[in-house]
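A.B. asks: The listed protein sequences correspond, in order, to chains B and R.
Going by my numbering, the first sequence opens with residue 232, and the numbers climb by one from there.
Going by my numbering, the second sequence opens with residue 8, and the numbers climb by one from there.
Hints in this document: simulated from the structure, not taken from any laboratory.
Just to be clear, a hint being listed does not mean it is correct.
[Unchecked claim] For lysine to any residue, the following SDA-like pairs were computed, each having C-alpha atoms within a straight-line distance of at most 25 angstroms:
| hint | chain 1 | residue 1 | chain 2 | residue 2 |
| --- | --- | --- | --- | --- |
| 1 | R | K92 | R | A168 |
| 2 | R | K201 | R | K92 |
| 3 | R | K220 | B | V259 |
| 4 | B | K669 | R | I152 |
| 5 | B | K669 | B | W699 |
| 6 | B | K306 | R | D216 |
| 7 | B | K711 | B | P694 |
| 8 | B | K309 | R | K92 |
| 9 | B | K452 | B | E545 |
| 10 | R | K92 | B | K345 |
| 11 | B | K746 | R | T213 |
| 12 | B | K669 | R | G144 |
| 13 | B | K434 | B | D695 |
| 14 | B | K312 | R | T213 |
| 15 | B | K345 | B | I382 |
| 16 | R | K220 | B | I522 |
As a plain string of letters, each chain reads:
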Amino acid sequence: MYAKKLYIGLLFVSLLVISCTNPLDGFVLGFKEPLDKATVRVQFSLPNGGKLPSDLNFQVVGKDADKIVTNLNTKNFKISKEGVLILAVSPEFVPSSSNPIKITLVAEAKDYTKIIKDVTFTNTNNYSFYFGFTQRNVAGNANANQLVLDITKSKKLEVQSFNNTEKIQLTVPDNVGFLTANNENVKGVIDVTLNHFNSKNSKAYLPAGGVATNPVDKNNKPLAEPFDFYQTAGGVSIEMSTQNHEIIKKFSVPLKVNLDVNNTILNPITNKIIAEKDKLTLFSYDTDTGIWKEEAELAIEKDSQTGKLGVTFEMPHLTYWIIGWKRNICRVGPSFTIKSDLKDLDIAYYAQLVDASNNQLIRDYYISLNNGAVASINFIPRVAENVKFRIFDYNNYYGGNNKVFIVESAALPICGTNNLSLDLSKLSAPKFIELDIKVVCPQGKVLDEAGLPAQMRVQYSEPDKNVWRDVGVLTRFNRKVRTYRMQLGKKYDMRGSTDGGVTWPYVQRNYLVDKQLWSFELPGKEYCK
Amino acid sequence: MMYFKPILYAIVVSLSLLLSSIPLKASVKNDTISSYIPRSFSVNLSSRGYGAEVGFKLKEKPSFGLRIGLNYLAFQKAQNIKMDKGTSVDIFPDIKTLVLSGFADYYPFKKKIFRLTGGLSYEIIQQYQVAFSSASGLNLGGLQIASDDFGNINFGMKWNALRPYLGFGFGRSIMKNRLGFGFDMGFAYMGSPKLKLIYEGFLETTTIDDEMKKIEANMKGYSYYPYIGFQVRYNTYPITKLK
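Using the sequences and the hints, build the whole thing.
C.D. replies: Given below as structure tokens:
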């Protein structure tokens, strides 16, 4: 009887045991290979005490939005705590000029102006954007506003900026069409984002540093010479989009703009305080193409009622509009070829361009000192006849001596193609640090390269400072990188990212670099076979 | 809160069964009681948690018995697993099941102690979930993963709610005394489990989704829920002198 019971019991237990295999059989947790073609990397500013706005609403919209994934091929469009998001065209689709992928990126938060950007992929090239949050209605040298324009009801937009000292007014003509880049007419309520730069300080807010390298005239013909600005008298950048996030680029009939000019600024041509009928130039800057355009010559007008000065112009399309006075600059200046014993430096050295007659600083640079590197001085204003170039033993990673130069060139004309060699063979090479990925396998096992991350970007920071700088990118098959950016004998924090730099989950803190090889140890036998 | 209704419903059903079956007599000499009147009540402790059963005996077929039962199991105590250098992983299990079962017992031997049992159960509440996080972050041999980067991981499993049962047990069908004991052992067939993993954090950078498919395939055979139960039975009609 007992044998029978035992038999039945064993039968049950056996049934359970034979039906089960170890759930983790064959389990190997590897790293995803981030998508690296047709990507768009977005870096958001962190305006809220080093954090993103708490109510930030980020969207990918447009007809091809469903073809967009993160670079880890997921639909989790989460911005990292450092404000980074990398999107990519899904690998199922290959963008081309005949099959472009068109999306619009939108970021909205209550206290900040709307950020909206069209992105079109016509090939597998990558894009990178910086999206800075601009706080609404905060007094300063620039004044940002977001307004709503219902074109069926309203014909005028007016913004009083800078403690009501300067205003900007937009007048919408009757029957105007609001057009997208593809000339599609859009209707409805429109979000208007307006950045108004005041007369005195607008030069500090010029796009592309205010240097027009390939400017065109109002008929889109190239100008003979590049230019920058003596002085600006004000400016505005305007963006419009529907509440369905269609971006408006132009109008069927130009909008009329009235822009006040502060009556205390200096006219650099007359060298007197600005006055009625003074001439200045209207420029536009296209953020999509990077081209400056000389749009028109304007005359300062005086309001008969208020006595305020200002200009009036027509705005056929939306972009940056700047009023001011240009100055022509040299397209090509001198160049300096470096002769040194260095070949793989990944740091840059401080250099100065000075007026040869009085040693006054004209502009400073950080340049490569690898043998054969060329420092070209282009797009420089004609502020001197001849210039000299000085190089200092001071780099952009851990400093040095920026008071006494180690090499100075002979004097060369500021404009024109001239080249000199600069001998830096006396400069001793700094010590490099080599960084590698180290995996210690249990006895009898060897490294399984396929299990390693396809790439690991590595950054370092001074301990606990949380200010991270790139070291390099280690790959599955090239697990060593050489850098001159860190110094022997110092402590650093180091971190690694396997997803192209969105998240940095792997950190080594307060590591003393006491030898030239620093191993980034990956734990886990899953990298062995 | 979402589980309150089915629990309440199960309690009401059990109480109704109990109240409708209060014995009119203390004992009988001949087994003439209707098959629809419960013959026993029992409380049990089993691999399905704790619960209660009502037993019936078929008048026409004395070798057969029927039981209807309800079992409940919950485990939600947070666990903290210590790791290297003062770091730890927090585990938040959320396991909750409420099972309604019907058993048919067959007593093949004269003494009517050993029984073979077949049945069907329905899992009214089925929640097998566990969440992982790390408030301290992790330190794996000098490599650190911050708490935010560790993120949150939620793992869940689900089987068929309707499950056939096969087993055997011990316990008299016709009890001589008011109080008796019973034992059951067997398994319920649940089908293959479906796994679900929701996460944010460092797992996003890994191939965990592919690996989950492997785990699910490996667990295809995890289809039998072992059942071991002990009962304390109260007999409503003890037959003291049955001849």
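A.B. asks: The structure should be examined with respect to each hint, and the outcome stated for every one.
C.D. replies: How the hints compare with the structure:
no.: 1; hint: R/K92 to R/A168; verdict: 43 angstroms, violated
no.: 2; hint: R/K201 to R/K92; verdict: 36 angstroms, violated
no.: 3; hint: R/K220 to B/V259; verdict: 12 angstroms, holds
no.: 4; hint: B/K669 to R/I152; verdict: 18 angstroms, holds
no.: 5; hint: B/K669 to B/W699; verdict: 22 angstroms, holds
no.: 6; hint: B/K306 to R/D216; verdict: 14 angstroms, holds
no.: 7; hint: B/K711 to B/P694; verdict: 23 angstroms, holds
no.: 8; hint: B/K309 to R/K92; verdict: 31 angstroms, violated
no.: 9; hint: B/K452 to B/E545; verdict: 20 angstroms, holds
no.: 10; hint: R/K92 to B/K345; verdict: 45 angstroms, violated
no.: 11; hint: B/K746 to R/T213; verdict: 32 angstroms, violated
no.: 12; hint: B/K669 to R/G144; verdict: 22 angstroms, holds
no.: 13; hint: B/K434 to B/D695; verdict: 37 angstroms, violated
no.: 14; hint: B/K312 to R/T213; verdict: 19 angstroms, holds
no.: 15; hint: B/K345 to B/I382; verdict: 19 angstroms, holds
no.: 16; hint: R/K220 to B/I522; verdict: 52 angstroms, violated
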